[in-house]
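Colleague: Sequence:
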Amino acid sequence: MSQWGGRMAEMPKYVSIREVGPRDGLQNEAPIPTDAKVRLLDALSRTGVRRIEAVSFVHPRAIPQMADADEVWRRAQRVDGVRYSALVPNTRGAQRALAAGFTEIEVVVSASDTHNRRNVNRSTEESLDDIAELIDLLHDADAHAEVIVATSFGCPYEGDIDPARVAAIVDRVVRDGADRVAFGDTTGMGTPRRVRDLITAVRDRNADVPVLLHFHNTRGTALANLLTALELGVTEFDASVGGLGGCPYAPGASGNLATEEAVHMLHDMGVDTGIDLDALIEVAELAEELTGRSLPSGVLRAGPRSRLTALPS
Numbered sequence: 001m002s003q004w005g006g007r008m009a010e011m012p013k014y015v016s017i018r019e020v021g022p023r024d025g026l027q028n029e030a031p032i033p034t035d036a037k038v039r040l041l042d043a044l045s046r047t048g049v050r051r052i053e054a055v056s057f058v059h060p061r062a063i064p065q066m067a068d069a070d071e072v073w074r075r076a077q078r079v080d081g082v083r084y085s086a087l088v089p090n091t092r093g094a095q096r097a098l099a100a101g102f103t104e105i106e107v108v109v110s111a112s113d114t115h116n117r118r119n120v121n122r123s124t125e126e127s128l129d130d131i132a133e134l135i136d137l138l139h140d141a142d143a144h145a146e147v148i149v150a151t152s153f154g155c156p157y158e159g160d161i162d163p164a165r166v167a168a169i170v171d172r173v174v175r176d177g178a179d180r181v182a183f184g185d186t187t188g189m190g191t192p193r194r195v196r197d198l199i200t201a202v203r204d205r206n207a208d209v210p211v212l213l214h215f216h217n218t219r220g221t222a223l224a225n226l227l228t229a230l231e232l233g234v235t236e237f238d239a240s241v242g243g244l245g246g247c248p249y250a251p252g253a254s255g256n257l258a259t260e261e262a263v264h265m266l267h268d269m270g271v272d273t274g275i276d277l278d279a280l281i282e283v284a285e286l287a288e289e290l291t292g293r294s295l296p297s298g299v300l301r302a303g304p305r306s307r308l309t310a311l312p313s
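Just so you know, we're using my numbering here: the sequence shown kicks off at 1 and counts up by one.
Calculated directly from the structure, the hints in this document are not laboratory data.
Cβ coordinates follow ideal geometry from the N, Cα and C atoms, glycine included.
Each hint should be verified, as a subset may be incorrect.
[Unchecked claim] Ranges between beta-carbon positions, derived for each pair: (1) Arg122 - Asp276: 41 to 51 Å; (2) Asp42 - Leu311: 30 to 40 Å; (3) Glu133 - Glu71: 20 to 30 Å; (4) Ala224 - Asp129: 34 to 44 Å; (5) Asp171 - Ala310: 15 to 25 Å; (6) Glu125 - Met269: 16 to 26 Å; (7) Glu71 - Arg46: 13 to 23 Å; (8) His59 - Glu133: 33 to 43 Å; (9) Pro192 - Pro31: 32 to 42 Å; (10) Glu158 - Asp35: 18 to 28 Å; (11) His267 - Pro60: 37 to 47 Å; (12) Pro312 - Arg193: 23 to 33 Å.
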């Protein structure tokens, strides 16, 4: 049973990883063809991953990499047992996602007012007002609403973010009906201490809300942050194949926690993810091919620790 307030929880037997490479990963790359996006999404669906963030429905002027979201989703192969979600910035995006058939939809608000204005051209409070209406729209359509709080662990423009501010945002969106809350480490400013402070602040006020964490590896702390959250009882995380990703509106935002690095560590700890690590590494190789660049994942480079090197004959 999980124990909050800074005490270590019993290690879980299973962790749910949402693969975000097709959306969060590709939004920070040079645009790749629709065929390539479909190949990546379909390949990930066959790795055993149970949740995939497939596309985002945003204006093409804002994120040109997602301009073909409708076409990608129309052509993608749905695999039984995989839950697919979409990110939306506003009501128009939510309407497009619902029309495309999505029933799991994410919307983002930044804990940092400055980053929120850079990201969606409005204050955090204005976004929260919009999100309240959007949650009602999604629930009326029998869809689930997840609110992602970006810059939860720090902002490149404002610096440290008080965990109490993040907790207050959670208070608001839970009161407005959010089904789940996620916390984004947008530019990799999170550390184990800050993860512990944030989770404690949130759980002290909303102990029952489902929580997911999204770490970037900008400063090499993503796995340490995941382990800290795991010890606090969190069992849902985002990760991106090969370490793809970043944020177009946050200077210095490098790739996400690589999915294969998270799976490699968790499996060695005896924690199941349902994901085939070898298949996942093959998809990371495909992601390198499709993006045309070397990706930062250490497990992609070196392979799993069980991989042996043959002695020269």
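Colleague: Holds or violated: 30 to 40 Å for the Cβ distance of aspartate 42 and leucine 311?
Modeller: This hint holds: roughly 39 Å between Cβ atoms.
Colleague: Okay, glutamate 133 versus glutamate 71 on CB: inside 20 to 30 Å?
Modeller: The hint (20 to 30 Å, Cβ to Cβ) holds, given that glutamate 133 and glutamate 71 are roughly 28 Å apart.
Colleague: When you take the CB atoms of proline 192 and proline 31, is the distance between them in 32 to 42 Å?
Modeller: holds, 36 Å
Colleague: Falls inside 16 to 26 Å, the C-beta gap from glutamate 125 to methionine 269?
Modeller: Violated, since glutamate 125 and methionine 269 (Cβ atoms, about 41 Å apart) do not stay within the stated range.
Colleague: Using the beta carbons of glutamate 71 and arginine 46, state whether their distance is inside 13 to 23 Å or not.
Modeller: Cβ of glutamate 71 to Cβ of arginine 46: about 21 Å, so the range 13 to 23 Å holds.
Colleague: Should the hint that histidine 59 and glutamate 133 are 33 to 43 Å apart at their CB atoms be regarded as holding?
Modeller: Violated, at about 19 Å.
Colleague: Verify the CB-CB distance for proline 312 and arginine 193 against the hinted window 23 to 33 Å.
Modeller: The hinted range 23 to 33 Å is violated for proline 312 and arginine 193, with Cβ atoms some 46 Å apart.
Colleague: In this structure, is the beta-carbon distance linking glutamate 158 and aspartate 35 contained in 18 to 28 Å?
Modeller: violated, 40 Å
Colleague: Determine whether the Cβ-Cβ distance between aspartate 171 and alanine 310 falls within the hinted range of 15 to 25 Å.
Modeller: violated, 57 Å
Colleague: Using the Cβ atoms, figure out if histidine 267 sits within 37 to 47 Å of proline 60.
Modeller: holds, 39 Å
Colleague: Does the beta carbon distance between alanine 224 and aspartate 129 stay inside 34 to 44 Å, or does it fall outside?
Modeller: holds, 36 Å
Colleague: Take a look at whether the Cβ-Cβ distance between arginine 122 and aspartate 276 falls inside 41 to 51 Å.
Modeller: Holds - the Cβ-Cβ distance for arginine 122 and aspartate 276, about 42 Å, lies within 41 to 51 Å.
The structure fails hints 5, 6, 8, 10 and 12 (numbered hints given earlier, in ascending order).
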